[in-house]
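*Asks:* Go ahead and model the full structure; you've got the sequences and the hints to work with.
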Amino acid sequence: MKGRLTTRELTALALISSLIVLGKSLFRLPIHVPGHSGIFWMALLVVGRGVVRRPTAGTLMGFVSGVLALALAPGREGALVAVKYLAAGAAVDAYLALIGGRLTSVVAAVVVGAVSNTAKLVTSLLLGFALGVPGGYIAVGLGLATITHIAFGGLGGLLGSLVLDRLAKTGLPQFVGLRRPAEAVEP
Amino acid sequence: MKRQARLLATTGAVLAVLAAAAFGFERWYEAGPGSTHAYAVVVTRDGREMHRFSLAELQRLHARTVKMQGQDETGPTLLSVLRAAGIDAFSAVTITGLGVRDKGELELERKQVDDRVLLDIAKRGTAKLCGPDIPYASRVRDVIRLAVR
Numbered sequence: 001m002k003g004r005l006t007t008r009e010l011t012a013l014a015l016i017s018s019l020i021v022l023g024k025s026l027f028r029l030p031i032h033v034p035g036h037s038g039i040f041w042m043a044l045l046v047v048g049r050g051v052v053r054r055p056t057a058g059t060l061m062g063f064v065s066g067v068l069a070l071a072l073a074p075g076r077e078g079a080l081v082a083v084k085y086l087a088a089g090a091a092v093d094a095y096l097a098l099i100g101g102r103l104t105s106v107v108a109a110v111v112v113g114a115v116s117n118t119a120k121l122v123t124s125l126l127l128g129f130a131l132g133v134p135g136g137y138i139a140v141g142l143g144l145a146t147i148t149h150i151a152f153g154g155l156g157g158l159l160g161s162l163v164l165d166r167l168a169k170t171g172l173p174q175f176v177g178l179r180r181p182a183e184a185v186e187p
Numbered sequence: 188m189k190r191q192a193r194l195l196a197t198t199g200a201v202l203a204v205l206a207a208a209a210f211g212f213e214r215w216y217e218a219g220p221g222s223t224h225a226y227a228v229v230v231t232r233d234g235r236e237m238h239r240f241s242l243a244e245l246q247r248l249h250a251r252t253v254k255m256q257g258q259d260e261t262g263p264t265l266l267s268v269l270r271a272a273g274i275d276a277f278s279a280v281t282i283t284g285l286g287v288r289d290k291g292e293l294e295l296e297r298k299q300v301d302d303r304v305l306l307d308i309a310k311r312g313t314a315k316l317c318g319p320d321i322p323y324a325s326r327v328r329d330v331i332r333l334a335v336r
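These protein sequence lines are chains A and B, in that order. 172 is the number that this note's numbering gives to position 172 of the first sequence; each next residue is one higher, with no gaps. For this note's numbering, add 187 to where a residue sits in the second sequence, where the first one is 1.
Just so you know, these hints were derived from the structure itself, not from any lab. Errors might be hidden in some of the hints.
Unchecked claim - Below, a sample of chain B positions facing chain A; criterion: calculated Cβ distance under 10 Å:
#1 L195
#2 L242
#3 A243
#4 A250
#5 G286
#6 A309
Claimed, not checked - Okay, the calculated beta carbon distance ranges per label pair:
#7 B:R214 x A:T7: 46 to 54 Å
#8 A:L126 x B:E292: 37 to 45 Å
#9 A:A71 x B:K310: 26 to 34 Å
#10 B:W215 x A:F27: 33 to 41 Å
To be verified - Subject to a maximum C-alpha distance of 30 Å in a straight line, what follows is the list of computed DSS-like cross-link-like pairs (lysine-lysine):
#11 B:K254 x B:K189
#12 B:K290 x B:K310
#13 B:K298 x A:K24
#14 B:K290 x B:K254
#15 B:K254 x B:K310
#16 A:K169 x A:K24
#17 A:K24 x B:K310
#18 A:K24 x B:K254
#19 B:K189 x A:K169
Remember, it's a predicted structure, so these values are computed and weren't measured experimentally. C-beta: ideal position from N, C-alpha, C; glycine also.
*Replies:* So this is what it looks like as structure tokens:
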């Protein structure tokens, strides 16, 4: 798909970007596990990238949600908080470009979610170093955090894939392209 | 399709290696260069160091569970930590954290500190100051210093 983004695509991306920021604030689970917000965040990124099948859709969602997060809840990281969102979105695009596929496969969606949430963690670590946080504090709990980011990112990808599947089954013209190859009906 | 399946499998393997490397880095840092900079909470009184609590020491103190903002927090009370550092009386305490995920500092008057103010031990292995009367936004995560006056 080439050319400029349509108004419908831009609206969908803006809406999903807002949901990412709102979801991160509203669906804070009291489970004290790092990276758990990825289950909502990555699901929305996967849905957004699946609905708007453009090579830069993930990066755009990351950028817009980063700007929104910066405006709504900048925290101590200030402007750098936007970098985390941008990294997660860009990771989705970069990985999909690498595997040359679309999010029609459940396995691809799970791996994309895991990669994207891990990219967010790696960016957070790099920002921590940039902000002068001692290595010892960054190292504390890093192994567990990596595992949970991968797991929750993967779960988010799975959730996103299921949502895409349901959207495809609605039969609405804008979602027809979401069908898995085996399910696609010849015109 | 085969190429995509190979790439997905490779990515899974890379993520597994990354997780193993993160655990390895954590262990290596704790045993090597990090052994002298391991996580600790330092208690000072008028600028003088009274005690340096390692995570293990904090975990050995009697832990309480208090429900606050709809969830259970568990850890030693701030008063018990100060007592273990040899401080029984004070007028105010300034709690300082790394300030990465919050403002990183909170000052409490003596009357604001009761047995429901905790140093909750978070899963990532650092202490978080919280209490039912302390707003969520004012909590101090990754506490590194308790300065008592």
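*Asks:* Are the hints correct? Go through all of them and say.
*Replies:* Evaluation of the provided hints:
Because the smallest distance between the Cβ of L195 of chain B and any Cβ of chain A comes to about 5 Å, under 10 Å, the interface hint for this residue holds. At its closest, the beta carbon of L242 of chain B sits 8 Å from a beta carbon of chain A; the interface hint therefore holds under the 10 Å criterion. Against a cut-off of 10 Å between C-beta atoms, the interface hint on A243 of chain B is violated, since the closest Cβ of chain A lies about 13 Å away. Of the supplied interface hints, the one on A250 of chain B is violated, with its beta-carbon coming no nearer than about 14 Å to a beta-carbon of chain A, more than 10 Å.
Taking 10 Å as the C-beta cut-off, the interface hint given for G286 of chain B holds, the closest approach to chain A being about 5 Å. A distance limit of 10 Å between C-beta atoms decides the matter here; for A309 of chain B the minimum to chain A is near 6 Å, and the interface restraint holds. Separation of R214 of chain B from T7 of chain A is about 53 Å and conforms to the stated range, judged on CB atoms against 46 to 54 Å. Roughly 25 Å separates the CB atoms of L126 of chain A and E292 of chain B, a value that falls outside the hinted 37 to 45 Å.
Between A71 of chain A and K310 of chain B, the C-beta spacing of about 30 Å keeps the proposed range 26 to 34 Å intact. For the hinted restraint 33 to 41 Å between W215 of chain B and F27 of chain A, the CB-CB distance of approximately 35 Å keeps it satisfied. For the proposed pair K254 of chain B and K189 of chain B, the alpha carbon gap of about 52 Å is over 30 Å, so the pair is violated. Between K290 of chain B and K310 of chain B the CA atoms are separated by roughly 20 Å; this keeps the pair inside 30 Å, and the hint holds.
Proposed proximity of K298 of chain B and K24 of chain A is contradicted: the alpha carbons are some 35 Å apart, above 30 Å. A hinted pair counts as satisfied when its Cα atoms are at most 30 Å apart, and K290 of chain B with K254 of chain B qualifies at roughly 23 Å. Only pairs whose Cα atoms come within 30 Å are accepted, and K254 of chain B paired with K310 of chain B is accepted, the gap being roughly 17 Å. Taken as a hint, the K169 of chain A and K24 of chain A pair is honoured in the structure, with Cα atoms around 28 Å apart against an allowance of 30 Å.
A distance of roughly 20 Å separates the Cα atoms of K24 of chain A and K310 of chain B; the hinted pair therefore holds under the 30 Å criterion. Note on K24 of chain A and K254 of chain B: the hinted pairing holds, with a Cα-Cα distance of about 23 Å set against a maximum of 30 Å. For the given pair, K189 of chain B sits about 26 Å from K169 of chain A by alpha-carbon distance, which is consistent with the 30 Å threshold.
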